[in-house]
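Colleague: Sequence:
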Amino acid sequence: MDLVNEIWSVNESGFESLALKVFKYQFERVEVYCNFCLALKRNPENVNTIDGIPFLPISFFKTQQVIAQGQTVQKVFESSSTTGSIPSKHYVADVSVYEKSFLKGFELFYGKPEDYTILALLPSYLERGNSSLVYMAEALIKLSGKTESGFFLHEFEKLKDILEGLARQNTKTILLGVTFGLLDFAEQFKIDFPELIIMETGGMKGRREELTRREVHEILCPAFGVEKIHSEYGMTELLSQGYSQGDGLFNTVPWMKVLTRDLYDPLILLGTGQSGAINIIDLANINSCSFIATDDMGRVNADGSFTVMGRIDNAELRGCNLMVME
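In this text, residue positions in the sequence shown follow my numbering: the first is 64, and each later residue adds one.
Be aware that one or more of the hints could be misleading.
Stated by the list, open to error - PhoX-like, lysine-lysine: derived pairs with alpha carbons at most 25 Å apart:
1. Lys125 / Lys104
2. Lys205 / Lys235
3. Lys104 / Lys138
4. Lys235 / Lys291
5. Lys205 / Lys223
To be verified - Taking CB as the label site, the calculated pair distances span:
6. Leu330 / Ser159: 50 to 60 Å
7. Ala102 / Asp310: 37 to 47 Å
8. Leu206 / Pro120: 33 to 43 Å
9. Pro285 / Ser159: 20 to 30 Å
10. Gln128 / Asp65: 40 to 50 Å
11. Lys84 / Leu206: 25 to 35 Å
Note that these hints are calculated values from the structure, not bench results.
In this text the structure is predicted, and so the values were computed from the model without any measurement.
Even glycine gets a Cβ: it sits at the ideal position worked out from N, Cα and C.
Model the full assembly from the supplied sequences, consistent with the hints where possible.
Modeller: Structure, rendered in structure tokens:
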């Protein structure tokens, strides 16, 4: 599909034009999204800027099969969910698009996976076979090719020994971890590894008292001997991620854009510096829906970077993002 090839080469000047092409494509082929747009009286004939594109509430992924007509489901990613809640399901027609998106994104911010030993502390996600986060981590671990790279469920002692060995060798290492797992580890062990990249993915899952991102980082930094904690911002309903390399300031890949909307009128987009609900354009979602209205609060800066401030009040808590953030 020509649109897919355009996604990987898009830049800031061409983003809006490509987003409008994707909007037209999805309006014509994604029935759930088309019906939503028609209810708002929006269509490709009367929408000619990003501001006019409708953003599908993320809750639709809990109850609807959001996929383009004529596409065959190749993979279903499913969110973690709290007890009694309905998980989101992302029906992916071409998993290679996801693979290309997360690999190009990783390389953009960190370089080649083979340059790192990659350790993944993802206890709750490893207990599910349909997590997009585990799928990404597994691919990066394989590409790393290092014997020490791998997953850790609850093997904290083994992880400690590996980290200490890598620290002695001054090996470039990334520890990707769900937040409550990193906090549990930090309570039991102290590691002096200043060069270590710790990347938290959010995720308290009701396991611990909710903390702000700043409070989490204040615990993790001295426990691992690092100055900053990196963060990954992703979700089941997306095929791209944002990354923070410290201080909770996230940046996106070129084919992804974060906007904010008014809490009381979701059709109104806010300007830079204004806090609101987060809308995400993820052009890699070419065969589902690229225009998602999330349940997160945030603020977008003039350079396109953004901060995540927490969940919208009364929004159903998402299992993979229960942490209150600053």
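Colleague: Take the hints in turn and mark each one as holding or not.
Modeller: Okay, the hints, checked on the actual structure:
1. Lys125 / Lys104: Distance of about 24 Å is within 25 Å: holds.
2. Lys205 / Lys235: holds (16 Å)
3. Lys104 / Lys138: With Cα atoms ~32 Å apart, Lys104 and Lys138 exceed 25 Å; violated.
4. Lys235 / Lys291: OK: Lys235 and Lys291 at ~15 Å, within 25 Å.
5. Lys205 / Lys223: OK: Lys205 and Lys223 at ~21 Å, within 25 Å.
6. Leu330 / Ser159: 50 to 60 Å: Violated: the Cβ-Cβ distance is about 34 Å, outside 50 to 60 Å.
7. Ala102 / Asp310: 37 to 47 Å: Given range 37 to 47 Å: holds, Cβ gap about 40 Å.
8. Leu206 / Pro120: 33 to 43 Å: Given about 35 Å between the Cβ atoms, the range holds.
9. Pro285 / Ser159: 20 to 30 Å: 41 Å Cβ-Cβ, so the 20 to 30 Å window is violated.
10. Gln128 / Asp65: 40 to 50 Å: The hint (40 to 50 Å, Cβ to Cβ) is violated, given that Gln128 and Asp65 are roughly 25 Å apart.
11. Lys84 / Leu206: 25 to 35 Å: holds (31 Å)
Checked against the numbered hints listed earlier, the structure breaks hints 3, 6, 9, 10; every other hint is satisfied.
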